[in-house]
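Now that you have both chains on their own, put them together as the hints suggest.
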Amino acid sequence: MIGNIFDLLVVNPMTNILLLLYGLLGQSFVLSIVVLTLLIRLITLPLTFKQQVSAAKMAAMQPRIKEIQEKYKNEPAKVQSELRRIGFSPLSGCLPLVIQFPVLIGLYQAIVRTLSLTPLSLLELGRYVYDFLPNLSQLVPINGTFLGFINLGSTNHTASFYAIPILVVVTTWLSSKVMQAPSADPTTAQTNQMMTMTMPLMIGFFSLSTPIGLGMYWIASNMIGVLQYYVTKPRMDAIKAQYAVEHSAAGVSAAKAVVDAAKPVAAPPRAKVKAKSTGRINQSASRKDKEK
Amino acid sequence: MKLLQKLGQPVSIVALGVVTATLLAACGGGGETPPSSFPGLTVADGAAYLASNQHVHKFNPATGKELWRYPAIGQTFPSGEVHGPFAGEPLRFKDWVIVGGTIGSNGIPDARLYAFDDKAGTAAWTWSVPGTTEQERREFADGVVTDGKLIFAANGNGTLYALDPASMEGSTPKLVWQFTTGNKLWSRPLVLDGRVYQSSLDHKLYALDAATGKEIWNYQAGASIASTPVIADGVLYFGAFDGYFHAVDAASGVEKWKSPVDAWVWTRATLVGKTVYFGDTKGRFYALNTADGSRRYTSTLGGSIHAQPLLDKQSLYVVSTDTFVYVLPQDGSGEVVAQRLSDSGYLRRLTAAPAVYEGALLLPLFDGDVKLTAIRLENRIKVFDLLLATATPVPAAP
Chain A
1 MIGNIFDLLV VNPMTNILLL LYGLLGQSFV LSIVVLTLLI RLITLPLTFK
51 QQVSAAKMAA MQPRIKEIQE KYKNEPAKVQ SELRRIGFSP LSGCLPLVIQ
101 FPVLIGLYQA IVRTLSLTPL SLLELGRYVY DFLPNLSQLV PINGTFLGFI
151 NLGSTNHTAS FYAIPILVVV TTWLSSKVMQ APSADPTTAQ TNQMMTMTMP
201 LMIGFFSLST PIGLGMYWIA SNMIGVLQYY VTKPRMDAIK AQYAVEHSAA
251 GVSAAKAVVD AAKPVAAPPR AKVKAKSTGR INQSASRKDK EK
Chain B
293 MKLLQKLGQP VSIVALGVVT ATLLAACGGG GETPPSSFPG LTVADGAAYL
343 ASNQHVHKFN PATGKELWRY PAIGQTFPSG EVHGPFAGEP LRFKDWVIVG
393 GTIGSNGIPD ARLYAFDDKA GTAAWTWSVP GTTEQERREF ADGVVTDGKL
443 IFAANGNGTL YALDPASMEG STPKLVWQFT TGNKLWSRPL VLDGRVYQSS
493 LDHKLYALDA ATGKEIWNYQ AGASIASTPV IADGVLYFGA FDGYFHAVDA
543 ASGVEKWKSP VDAWVWTRAT LVGKTVYFGD TKGRFYALNT ADGSRRYTST
593 LGGSIHAQPL LDKQSLYVVS TDTFVYVLPQ DGSGEVVAQR LSDSGYLRRL
643 TAAPAVYEGA LLLPLFDGDV KLTAIRLENR IKVFDLLLAT ATPVPAAP
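Going down the list, the protein sequences come from chains A and B. Under the working numbering, the first sequence has 253 at position 253, and the numbering climbs by one with no breaks. For the working numbering, count along the second sequence from 1 and bump the result up by 292.
For reference, chain B alone in the conformation it holds in the complex (with noise of 0.2 angstroms):
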């Protein structure tokens, strides 16, 4: 009673902050740190690659047997290092795969490239972006690609960086050229035919010079553009926040058409034959005729949809964050009822591109323990689930 009555006291609207705060700081819940950066999943030469919030993984897609994990079971660094959180689609290239480390728990990104031995899973060389400041030093959200010669690194400080690998300077390979654009880089660029197109927070996608960094154009949107473009036919497609799906001349940069969409456009689109495949954040999925923009067809699934559409034997599997896999048709008209892989859905958040490896769908998930699970799509039947916790990993050299 004492007690209620002194809640009658003004004081208690202290008491009521530190309620709020003790809440708030309980709402990142327990288990692994929650994911800043979306995973990101890669099949190459018989294995398969995830690197998915604080590890990265390379497994027997087959059979989802572990060959390595970096960090390793056990593997420690001097005090106060941090290796990761790790996210976007690895790249194998030599005898590397390549990761980028992204955003922490503590919100402080770790600005480094890693290059693992694809053997034995240990980090070759690093690379760290220059600077010092926290807004100089940020994440690499989507992975890195390559033209067989250089790799290109989008980084979070709003800066493209093409690094040699194989002019090393010392222990990290050389710094090639940089190109600095108005805003955020969230998405790894497009390389093709000597050049690198990256679409930018800055409302840009920016046509540059593969060898040197220069720009050749710029086509300016009515928002930030988050997607990376696709080409085909010499048209670059890709969606942007501003409410429209954009086609653009790859050689000028010029605008062919735009489409209104329903929401911002994240996913990096799929192209199969004259139609555009995509979907928006708000959960609309459509299929875009090339040529004009007009819609062949639309669906509503739900959730929002980051992840490009997976096409594999004329079904495209479209993953969202409401945690279900939808199956919709490669053709279609008007409104398209979308069906889902499973009824219950994956309990997770899907957020990344999955993969198809002899007749399964590897789905790499969000949230969670559970890394990545398969599913054979002609029973959709689970295969094997790839989990953190029981994995036997092969363990790395210190």
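This is chain A alone, in the form it adopts within the complex (with noise of 0.2 angstroms):
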């Protein structure tokens, strides 16, 4: 029942759009497939840049965390309403990907359907395809061919040289690097860093075993990440730059003040940032005046 919810609202309109892309991009099942994720990461940016923010948020709020547990060390549940009084909610951050994640699957599950590796498959793709899309039929089965010779369809890695797998290992290597926080905490970094180096070697050896127009996606998405941390970080910059004055200088009642912060999903211009985090800062530091 679930299957068939899952079905009906994510992998059968992937599916149809992977093929209606294949016959607008001249057939080019691997272009389908850059150009899904690109729309599927347009898509899902807000939730993305939310994750993002609420990073950049928990991050800034290391040492005050570290003070309360320093400070309540022998009493759990005061670290618990405190760290809640702050506005610390570590599942912030994770909602965003538990949300994007029936999307990556549904992705992969477009992928392999699209494929048709096998007789069973291509019978499967016959109940899917749309009937009001025209002439997609016609592009069955797809051309599963990549630069002639590599058969996407394929998990026989040796006739490409590996240089799927290797790619896939190189491309989540920069990901993970260029969008890893820097962390004051020793142990975090040293995480993160153990992190960046495992990862990318265990999805490597994953995708030894995947189709490799499974691997194609992989590469694709990882690069189309790169490119979107580049063009949001004046943003992120802009932001983690707000909570970090914010919290060495308002203390508690900042921290929640920035909870709105991570609302806006829209990144605007850069000065226009710059100009909002000012007066967000003035009107604490006022606050704070009038407190005292």
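Simulated from the structure, these hints should not be mistaken for laboratory data. Hints are not guaranteed to be accurate.
Residues on chain A that point at chain B, a partial pick, calculated with CB under 7 angstroms [to be verified]:
hint, residue
1, Pro102
2, Thr118
3, Leu123
4, Arg127
5, Gln138
6, Val140
7, Leu147
8, Gly148
9, Gly153
10, Ser154
11, Thr155
12, Asn156
13, Gln190
Only a predicted model underlies this, so the values are computations on that prediction, with no experimental measurement involved. Every residue, glycine too, gets a C-beta built ideally from N, C-alpha and C.
Printed below as a string of structure tokens:
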């Protein structure tokens, strides 16, 4: 039942969009994967941005959190209530990722389904092609080769000299390296460093047993992620600066106030952000003066 | 708590990727590797042959007693050598049972034809698709056919091969001719009166000279053709992925009529008198007049219909991937309500054509360890299961 709903709402639309793109983009399946990945990244940009803002907020709170944990180290309940009071919510960073999770799974299934590597998968594809989109059936089976010799449906990487798994490892490493926030906490920094090294290897290992077309998706997704990071970096830097100032200047009350900063989803131009941030900090400062 | 704090870090995106990859890798499930191509069942000379995923079985169709299987239990091969999986209806020819290899769980096909000794179940000979690359050496998805002299084998590389087992070259039959089309061949050809009719996913149906492989004509549909045509009174009937069921003159390749349908048609049709029966990939079933393609009746089943409908005593038995066997009348009009042979279904996708033997329906199952179930049609009670795990085969010689 849940599988059917997931199929109906996520996998089927993605499958048909992939086919549509395949027809529009000169019947290049790799290009279709790249464009669909880009579209999905754009649609989920608000969630990604929210997650990044939340991560920046949590990072800015670290000194304050450490302080509370030290202060109430024998009172776990008090630690919880104090963390709640300053607006600490670790799951707020996870939620956007959790929402993106079905999208990732759906895209994976759509790629496999559209590739139709086997007679069974082609038969199944026949159930899901939309009748109202003209000419999709003419495109089937899709040309599953890339550069004339790489079979996108194959899990045999020897023909392509393991280029795809290697690129998966490199781009995943690059992506995690670029997006990793520096941490003042040595333990966190060490953990991050370890994850940056091991995760790409693990994903590369998984890509050895999945079709090459999926490796292409991982590579495209990583590269688009890096690009997206650099596009949104000015906005993120402004927000991080804002949090850092607020936490050092306004303490607990400011920490609560910045929760609102995570709400805007569209990144305004850098100049506007700076002006907005300055205004907010000034408001916090004037509030602090009033309290005094 | 510290872990949760870390989840707020960007590196958790990578962690998400790992979790995703793990879940996706686990999606394959346990037990026998899921099959990639459709099983095939043949009943001939009082014996039944089933090519299903990792094994080929010969069994008694009345009792379900397995006579042999290939590979036999405990049979081992040199390191790295893969035999199977197998798909399509086995061909009983001379003293052999001929079956094609298909796509393995790693996506790599076994591009060989196997001829098993009918008595012992050992491989009498194998024939390997020429070539060295993965593109050249593809699967045999739907078995092979014969005209009594040559064996015709359609491969996923887009080439139809004609082999002569009477002229062996060393330990393999001689390749007489080959004909290459523009895309995959995932259905076996129809051979009749010196001609071979082969459908291709390149949107065409080809008529070839059976002796030479020379093209006589081709007919272009609007999309891939994956069904083997059937013939009556000089007219070929077949479905395509273009939303039409086609009738084509076998002599000239000229279209006689085409009738619109709701989805792709992969089924090999069943011809009875002046009616042609078939299903589509969205679970609709059709009975059309052979004269002009007009509808006698339609019915809405479930799942996808791949296998050829089976006629037995004025009833049609149609299997579907939704695990049900549907019973339809030979005659009807308008929209006909299909009956289910069993209300609970058979718990496995059904993609291969069943057969009837001594009043029992032999039903190949697509997934899982039970490879075939037999149901007595008069009372709908199960007669036997052919089990992968508990069978007691005669060991084959290494």
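Any CB of chain B closer than 7 angstroms to the CB of Thr155/A? 5 angstroms, holds
Pro102/A as chain B interface residue, shortest Cβ-Cβ below 7 angstroms: 10 angstroms, violated
Does Gly153/A pass the interface hint, meaning its C-beta sits closer than 7 angstroms to a C-beta of chain B? With a closest approach of 6 angstroms, the Gly153/A hint holds.
Hey, does the Val140/A contact hint survive, CB to chain B under 7 angstroms? 6 angstroms, holds
Status of the hint placing Ser154/A at chain B (closest C-beta pair under 7 angstroms): Hint holds; Ser154/A Cβ to chain B Cβ min 5 angstroms, cut 7 angstroms.
With chain B as the partner, please determine if Gln190/A meets the hint condition of a C-beta pair closer than 7 angstroms. Violated, because the Cβ-Cβ distance from Gln190/A to chain B comes to roughly 11 angstroms (cut-off 7 angstroms).
Tell me if the interface restraint on Leu123/A is satisfied: Cβ within less than 7 angstroms of some Cβ in chain B. With Cβ-Cβ at 5 angstroms, under 7 angstroms, it holds.
Holds or violated: the hint that Thr118/A contacts chain B, with Cβ atoms closer than 7 angstroms. 4 angstroms, holds
A closest beta-carbon separation below 7 angstroms is what the hint needs, so does Gln138/A meet it against chain B? Hint holds; Gln138/A Cβ to chain B Cβ min 5 angstroms, cut 7 angstroms.
Are Leu147/A and chain B close enough, Cβ to Cβ, to be under 7 angstroms, as the hint says? Hint on Leu147/A: violated, closest Cβ of chain B at ~12 angstroms, above 7 angstroms.
Hey, does the Asn156/A contact hint survive, CB to chain B under 7 angstroms? Given a least distance of 5 angstroms, the restraint on Asn156/A holds.
Agreement of hint Arg127/A with chain B interface, Cβ distance less than 7 angstroms: 5 angstroms, holds
Against the hints set out earlier in the document, violations occur for numbers 1, 7, 8 and 13.
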